[in-house]
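Going line by line, the protein sequences match chains A and B.
At position 181 of the first sequence the residue is numbered 186 (the working numbering), and the sequence of numbers has no breaks.
At position 186 of the second sequence the residue is numbered 191 (the working numbering), and the sequence of numbers has no breaks.
In short, the hints are calculated from the structure, not lab data.
Among these hints, one or two may not hold up.
No copy is singled out in the list; a pair is fine if it fits within one copy or between any two copies.
Quick list of in silico lysine-lysine cross-link-like pairs, DSSO-like style, CA-CA up to 27 Å [said to hold, decoys possible]:
no.	residue 1	residue 2
1	Lys85	Lys11
2	Lys183	Lys194
3	Lys48	Lys194
4	Lys11	Lys80
5	Lys108	Lys48
6	Lys11	Lys81
There are 2 protein chains.
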Amino acid sequence: MAIGVKASHISFVAHFLGIVGAIMVLIWCISFRGGLAWEATNKNLIFNLHPVLMLIGLIIIGGEAIMSYKCLPLKKPEKKLIHLVLHAIALILGIIGIYTAFKFHNESNIANLYSLHSWLGIGVISLYGIQWLYGFVVFFYPGGTTAIRSESLPWHVLFGIFVYVLAVATATLGYLEKLTFLESSGLAKYGSEAFLVNFTAIVTILYGTFVIVTILSQAPPEDEYSYSAI
Amino acid sequence: MAIGVKASHISFVAHFLGIVGAIMVLIWCISFRGGLAWEATNKNLIFNLHPVLMLIGLIIIGGEAIMSYKCLPLKKPEKKLIHLVLHAIALILGIIGIYTAFKFHNESNIANLYSLHSWLGIGVISLYGIQWLYGFVVFFYPGGTTAIRSESLPWHVLFGIFVYVLAVATATLGYLEKLTFLESSGLAKYGSEAFLVNFTAIVTILYGTFVIVTILSQAPPEDEYSYSAI
Chain A
6 MAIGVKASHI SFVAHFLGIV GAIMVLIWCI SFRGGLAWEA TNKNLIFNLH
56 PVLMLIGLII IGGEAIMSYK CLPLKKPEKK LIHLVLHAIA LILGIIGIYT
106 AFKFHNESNI ANLYSLHSWL GIGVISLYGI QWLYGFVVFF YPGGTTAIRS
156 ESLPWHVLFG IFVYVLAVAT ATLGYLEKLT FLESSGLAKY GSEAFLVNFT
206 AIVTILYGTF VIVTILSQAP PEDEYSYSAI
Chain B
6 MAIGVKASHI SFVAHFLGIV GAIMVLIWCI SFRGGLAWEA TNKNLIFNLH
56 PVLMLIGLII IGGEAIMSYK CLPLKKPEKK LIHLVLHAIA LILGIIGIYT
106 AFKFHNESNI ANLYSLHSWL GIGVISLYGI QWLYGFVVFF YPGGTTAIRS
156 ESLPWHVLFG IFVYVLAVAT ATLGYLEKLT FLESSGLAKY GSEAFLVNFT
206 AIVTILYGTF VIVTILSQAP PEDEYSYSAI
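Work the whole structure out from these sequences, hints included.
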């Protein structure tokens, strides 16, 4: 179902949005929220690791992992290795990012796992892990039979898109939840920080959209193995 | 890119989830939140119209509009009429639903349009309206040339999926935002109402997922005109 635009062209827009989003979340957490720390008496600095790791790790590096298999002008085994390594990095950073949210809550006596954001977040990281493991076993090592691979590929792509869209949606819930807490503590509703956070969320959504459009676009001509199977 | 399951089977799961979601949002707004009203001294009753109209109108009837074109065992012109009429109903209920949020804010002296939910909501309803108008003009009346129609169809489907996914994501933001307000006013974080709202959000996401999977599934064999063009 390739649409008539080149995947590499669309992916450049995604790369650009990814860089913009990464800069925006760093400006927010460092300049507006006081910086990042693993251990601190100001527990908010521990929380600040959470949006940084989730956006740059799970969403942006995860998106690059998705696009790499479609766009890189390399042979199938090399692309597959890059695809799975980038997804592993995204998954590990995502797990550390979720851990920082629990660490902040526990050290600040804040309840865990009551909000929709946290519920979906646990769901996303679990499904992401399952998807990675299934992909590793079936497509990399030890690898399934040809029949299992070709049967699995469209489901791997479809389930991957589902998990990725859910990850982006969960991120937008996180921005809204944190900003609502800050605004209920007095942060200006139309102030510069509120606008920065909302626009970071919009850039996140646009990045996710261009990641998905990239994999629906035309693969490089030398490639017969990419997502064009769907 | 049809996947190997029948669209009508998947759509039955979606219909069921739609009914469950509609019942859940009605129980929430009527039994837990005091009921629905267009005019009331208790302004919360005006707000309660908002989630009911957005979920049952824009999301559920909008989803039925999407699935109708894929699943109904009818001729193309009949399906097209049902598709556009259902989308028009969804759009109108969505516009009224958004109006009730403004009405509640204005009569309660609450600020408008500062949250991510409201920004995306305005974006979704605008894009939904543009998508409907474009579809009407190109595919219904006066209708574009054959070349324009066949060129437009994959983009109509792709843009429609994008707007619909964004609508579902915006709905989840709405559940989280309202529940966060209620919890900051003392509602129990692990209480029955909080669980009802979070599970309504999850049912909404599952409904949206099954709507999308329906249009990626196999159309009835007598049909050559449905989304199988992508």
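Results for each hint:
Only within a single protomer do Lys85 and Lys11 lie at most 27 Å apart by alpha-carbon distance; the minimum there is 20 Å, versus 31 Å between protomers. When the C-alpha separation of Lys183 and Lys194 is checked against a cutoff of 27 Å, the pair qualifies both within a copy, at 13 Å, and between copies, at 16 Å. Taking the shortest Cα distances, Lys48 and Lys194 sit within 27 Å of each other both inside one copy (24 Å) and across copies (22 Å). For a Cα distance limit of 27 Å, the shortest separation of Lys11 from Lys80 inside one copy, 18 Å, qualifies, whereas the shortest one across copies, 35 Å, does not.
Taking the closest pair of Cα atoms, Lys108 and Lys48 come within 27 Å of each other only inside a single copy of the chain (9 Å); across copies the shortest separation is 39 Å, beyond that limit. For the homomeric pair Lys11 and Lys81, the shortest alpha-carbon distance inside one copy (19 Å) is at most 27 Å, but the shortest distance between copies (32 Å) is not.
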